[in-house]
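Novice: Sequence:
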Amino acid sequence: TLIIWTKVRLYTFRFLGLIISVVCIIVTCAWLATFEEDNNPCPNCRYFNCVETPWWHCDDCDFVTADLYRTETNADQEGTYTRIDLTCPNGDLVESIDVSASNTTDRDEIRDQLPDYCRDYCPEVFATS
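When we follow my numbering, the leftmost residue of the sequence shown carries the number 1, and every step to the right adds one.
Hints in this document: simulated from the structure, not taken from any laboratory. Careful, some of the hints might be misleading.
[Unchecked claim] Listed next, with one range per pair, are the computed distances between beta-carbon atoms:
| id | residue 1 | residue 2 | range |
| --- | --- | --- | --- |
| 1 | Asp-67 | Ile-19 | 54 to 62 Å |
| 2 | Asn-103 | Trp-55 | 56 to 64 Å |
| 3 | Tyr-11 | Tyr-121 | 37 to 45 Å |
| 4 | Ile-3 | Ile-26 | 32 to 40 Å |
| 5 | Phe-15 | Gly-91 | 50 to 58 Å |
We put the beta carbon where it would ideally sit given N, CA and C, even for glycine.
Given only the sequences and the hints, what does the whole structure look like? Please build it.
Specialist: Below, the structure written as structure tokens:
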């Protein structure tokens, strides 16, 4: 009976140790995820809230703005867009990005491509508070 009691006690301690470890990991992750970015002890903990995939990005490039410039044509025709001046999420201005290769006159098409331009040209893709 002593051997059985020792095995029961051993398995009980192992089980409780596993449960306590899992709870501690969950509590620590939740605690780190609730910090504001300015006073976060873990600078890369923004990825607790977001995991990047090919279809989803964890940056602020969806809110980027730009000034569009197009070629001058006749008054009755719209010119194609030739360049954009991009304002990055942190406020930096990237001037003269050449978009003439896209050969588009559609403003919405350029607007849909702004997040990609942001990721390619902006030195910082996160807004600063």
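Novice: A separate judgement is required for each hint: does it hold in the structure or not?
Specialist: Hint check:
no.	hint	verdict
1	Asp-67 to Ile-19: 54 to 62 Å	holds (57 Å)
2	Asn-103 to Trp-55: 56 to 64 Å	violated (27 Å)
3	Tyr-11 to Tyr-121: 37 to 45 Å	violated (59 Å)
4	Ile-3 to Ile-26: 32 to 40 Å	holds (35 Å)
5	Phe-15 to Gly-91: 50 to 58 Å	holds (53 Å)
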